[in-house]
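> Sequence:
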Amino acid sequence: MDTTARPGDRLLTDCVRSALARHGLVDWRVEPREEWCVAEPFGGGGPVQGWKLHVSATPLSAPVVLARVADILARRRCPFKFAADLDAVRELGAAHAARAGGGKFITAYPDVDGEHWRELAAELDEATRGLPGPGILSDRPVRPGSLVHYRFGVYSGVEAMSVDGTFEAMLEAPDGTLVLDRREAWFSTPDWAPADPLTTPRKPKPSGASGSGGPVLLNGRYLVTGAVRHSFTGGVFRATDQGDGNAVIVKQARRHSGADLSGADARTALRHEADLLLRFNGSGLTPGFVETFAQQGDQFLVEKAIAGHNLRLWIARNVRADEADWGPPPAVVARIARGLCDVVERMHGDGFVLRDLNPGNVMVDARARVRLIDLELVAVPGEPVVRAYTPAYGAPEQVAAEWLAPAPPTTADLYGLGATLFHLATGIDPQLADDEPPAREPAERIAGWLERLAEGNATAAALAPTITALMDPDPARRPDIPAVRAVLSTLDDSAPAPVRRRTEPELPVDGIVGHLLATMDLDDPERLWPQDGFAARTDPLNVQHGASGVLAALRLVRPRDAVLRESLRDIATWIGARADTGGPALPGVHFGRAGTAWALLDAALDLDEPELADTAVALARRLPADADNPDVAHGLAGAGLTWLHFAAATGDEDFTRRAVAAAELLAERAVNDGGLLIWPVPRTSPSLFAGTAHYGFAHGTAGIGAFLLSVNRATGRADFGELAVEAGRSLGQLARVDDGAARWPDESGGPIKNHWCAGSSGVGTFLIQLWLTTGDPRTRNLAEAAACTVRRARRHAGTSQCHGLAGDGEYLLDLADATGDERYREWAGEIATALAMRTVVRHGRLLVPDETGATVRADFGTGLAGVLAFLTRLRSGGRRPWLPESFTGDR
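For the sequence shown, the positions run 1 to 891 when full-length UniProt numbering is used.
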């Protein structure tokens with residue numbers, strides 16, 4: 001949920017400047033850097049790494065904590081950074097804060113060790129004693145309950161590219177090796193780190209149920225059996241009541257986490273929820289209350305476990321798959337919807353507004369009975385509350401409210417009810433990115449989306465007018481609960497699905513091309529297209545988030561005018577000028593320089609630019625012949641696929657020899673794990689993937705099998721073909737086939753996946769080519785069952801190549817090309833229609849939002865370029881990017 005606060009003011013920075021001035025530090029600066037401010041001498045400098053100190057705070061205590069800490073650090077000439085404003089402090093303690101980074105309001109970088117370090121830590125602890133602040137999970141406190149914590153990590157660090165393809169400030173081991181500074185939700189240090197600066201190191205006890213290392217018994221009574229979820233503010237756990245043997249849910253609120261300027265924190269919210277459960281105990285509309293208790297400073301709420309699933313999961317398991325009549329049965333939807341109305345009506349009748357009605361907060365049992373869970377945001381209309389809502393389910397008046405404002409009237413819940421009914425009828429979150437500048441009314445866009453979704457969905461067709469009315473931006477026009485009940489009384493399973501014959505929606509190819517060309521900045525030495533967050537830390541030349549993926553997608557566009565041709569030359573030149581940097585290059589196609597070399601070579605040959613082609617060839621030769629990671633996206637299989645492509649494009653047999661050597665190395669590293677062929681990343685690898693083995697195309701068995709099959713086709717080496725067949729057999733063994741649709745499990749035990757990166761469309765990409773090689777009908781059947789999966793998911797999936805509609809559409813086109821069955825090309829057209837439903841207008845251009853559904857990004861893996869590649873191929877034909885000729889059979 002979004003609990004965005006008002007942006008902070010200069011209170012914190014003025015506090016620090018005052019401390020520096022008081023101690024005469026005129027040669028120091030206070031410099032904003034994104035959400036942080038750095039206080040340090042001009043010129044910076046200082047150690048690369050060491051035992052650094054973190055100090056936590058709540059938004060209310062932050063000014064006092066900072067005033068006292070800054071005074072000490074300025075007097076001791078110790079550089080530090082701090083959260084830039086109170087909004088940033090709140091974010092550091094919020095539920096969505098990273099568990100490994102949450103709570104770190106101030107970071108101090110002492111250039112001292114031994115007794116001086118201990119004196120500083122003790123002085124900071126004494127100065128902040130008694131003030132509120134959350135515990136920092138990644139650190140040790142200097143004493144139990146202290147706001148001051150410490151861990152060994154980077155100060156300035158050594159800026160370098162990690163083996164996973166992101167720029168990081170790295171630690172330097174004693175032998176000069178650069179090591180990733182791993183931040184975990186528990187205290188950990190490298191084996192070679194200097195001795196703990198405290199003379200009697202203590203490993204803090206786990207806070208309630210957040211620890212590990214054996215069974216956890218809470219309050220001497222509740223035996224934890226599993227985690228529902230973890231967050232920085234606490235966890236939700238399944239447990240057994242040792243008193244009566246009943247299943248319970250235990251919610252934890254960590255002290256001083258989730259705090260705001262009112263002084264409330266996660267414990268306040270949990271106590272509020274407990275009061276509501278007591279009030280509605282026995283109503284059948286909420287979980288049964290058991291008790292509350294405090295332990296180790298945290299607050300816990302115990303409630304009776306409810307059989308069933310939350311509405312989001314219920315929909316995922318119960319939406320009918322028949323393409324002639326899709327969606328959940330109308331009569332069942334009516335029963336659930338009446339239950340939702342009961343909850344809303346009862347809450348409103350008792351003087352409350354829910355504020356956060358969404359599918360994740362509703363439980364549905366086997367009889368389709370509804371109960372409301374997670375009541376912490378329930379409020380009395382008009383009472384002061386911090387703004388909070390779940391994106392796509394918050395009413396416009398909630399989204400536009402001040403950070404602290406009166407709770408909205410009950411009409412806000414009518415919007416949430418409409419959005420939840422949208423999801424109930426379709427399985428889709430009604431989230432549409434904003435037009436810029438506003439070009440269409442939100443209600444008009446929702447109505448148009450529902451009209452499309454109603455084709456073949458009797459439930460959506462019957463509820464569309466009511467849903468649209470409930471989601472009206474004007475609260476006064478939203479129908480009341482009796483009016484909704486009247487509509488629900490007409491729903492039954494005999495209602496016919498309407499038949500609509502419509503022209504297909506406009507495919508936004510021209511808008512995407514125009515946007516990509518208009519937003520690139522050739523004068524920016526860092527990135528051609530802007531990025532933020534994780535993507536901004538990746539190689540600006542790579543395929544996934546960088547310029548090479550966009551170049552490859554634009555190169556596919558036909559017809560090509562003079563402007564596009566010159567833009568392609570400009571992009572390729574920009575990449576070429578930065579590609580030949582010397583030294584090793586990461587091997588992966590998507591996160592390494594293999595994909596960069598590939599894109600640059602294709603563009604150079606297309607544009608007749610021999611110097612750029614030479615740069616691409618030189619870059620391909622620099623790709624490492626060995627890598628810890630075996631996969632396509634980051635590792636050795638990616639380099640191998642690239643070398644095969646270079647061999648076909650240039651005729652240089654050296655590239656074939658390189659590909660064969662890579663295949664031989666992967667054959668040596670294959671592991672038989674209980675009858676399954678896998679390629680684990682070594683546990684000693686500096687990669688974040690260390691110790692893992694995956695099944696999908698980007699990171700595992702399917703992609704590696706595809707490479708081995710490609711080498712077999714290119715060279716005739718039977719042993720590689722046999723290994724690819726074994727990889728296919730393992731994937732067949734892992735397949736979960738339900739009602740003709742095949743899916744694959746997540747190797748970590750997480751949810752089953754559908755898409756290219758780790759699921760059905762990626763596995764199918766390999767299997768269909770394996771079938772073309774072996775002729776085994778079982779392999780084709782499984783590949784076609786994978787296609788059923790992605791077709792059925794098209795209305796609910798995100799938009800991207802990596803894990804969304806664009807990658808799924810590419811697979812359906814692969815299948816059409818391989819089998820000659822035009823049904824799969826028609827299914828790819830349905831994917832395009834699903835993309836067109838999500839379009840957004842930006843400065844007059846029709847675009848598709850990125851995988852978040854809320855923003856527009858240029859990149860290939862998660863944004864516009866990947867969508868463009870698919871839509872262009874659907875419209876004009878051609879071959880899928882990033883697969884060599886020997887894999888697709890093109891000779």
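Fair warning: there could be bad hints in the mix.
To be verified - Now the in silico label distances, taken between C-beta atoms and shown as ranges: (1) 67 - 526: 35 to 45 Å; (2) 294 - 190: 14 to 24 Å; (3) 775 - 825: 36 to 46 Å; (4) 190 - 669: 21 to 31 Å; (5) 686 - 652: 46 to 56 Å; (6) 823 - 219: 15 to 25 Å; (7) 63 - 691: 20 to 30 Å; (8) 776 - 671: 22 to 32 Å; (9) 510 - 607: 43 to 53 Å; (10) 436 - 190: 23 to 33 Å.
Claimed, not checked - Straight-line distance between alpha carbons at most 20 Å, and here's what the computed SDA-like set of lysine to any residue pairs gives: (11) 52 - 185; (12) 81 - 141; (13) 304 - 247; (14) 304 - 345; (15) 304 - 284; (16) 52 - 140; (17) 81 - 13.
I should point out that these hints are in silico values taken from the structure, not numbers from a laboratory.
C-beta atoms are modelled at their ideal positions from N, C-alpha and C, and glycine is treated no differently.
> Hint by hint, say whether it matches the structure.
Each hint tested on the structure:
no.	hint	verdict
1	67 - 526: 35 to 45 Å	holds (37 Å)
2	294 - 190: 14 to 24 Å	violated (36 Å)
3	775 - 825: 36 to 46 Å	violated (23 Å)
4	190 - 669: 21 to 31 Å	holds (26 Å)
5	686 - 652: 46 to 56 Å	violated (32 Å)
6	823 - 219: 15 to 25 Å	violated (59 Å)
7	63 - 691: 20 to 30 Å	violated (43 Å)
8	776 - 671: 22 to 32 Å	holds (24 Å)
9	510 - 607: 43 to 53 Å	violated (22 Å)
10	436 - 190: 23 to 33 Å	violated (46 Å)
11	52 - 185	holds (17 Å)
12	81 - 141	holds (19 Å)
13	304 - 247	holds (7 Å)
14	304 - 345	violated (23 Å)
15	304 - 284	holds (12 Å)
16	52 - 140	holds (11 Å)
17	81 - 13	holds (11 Å)
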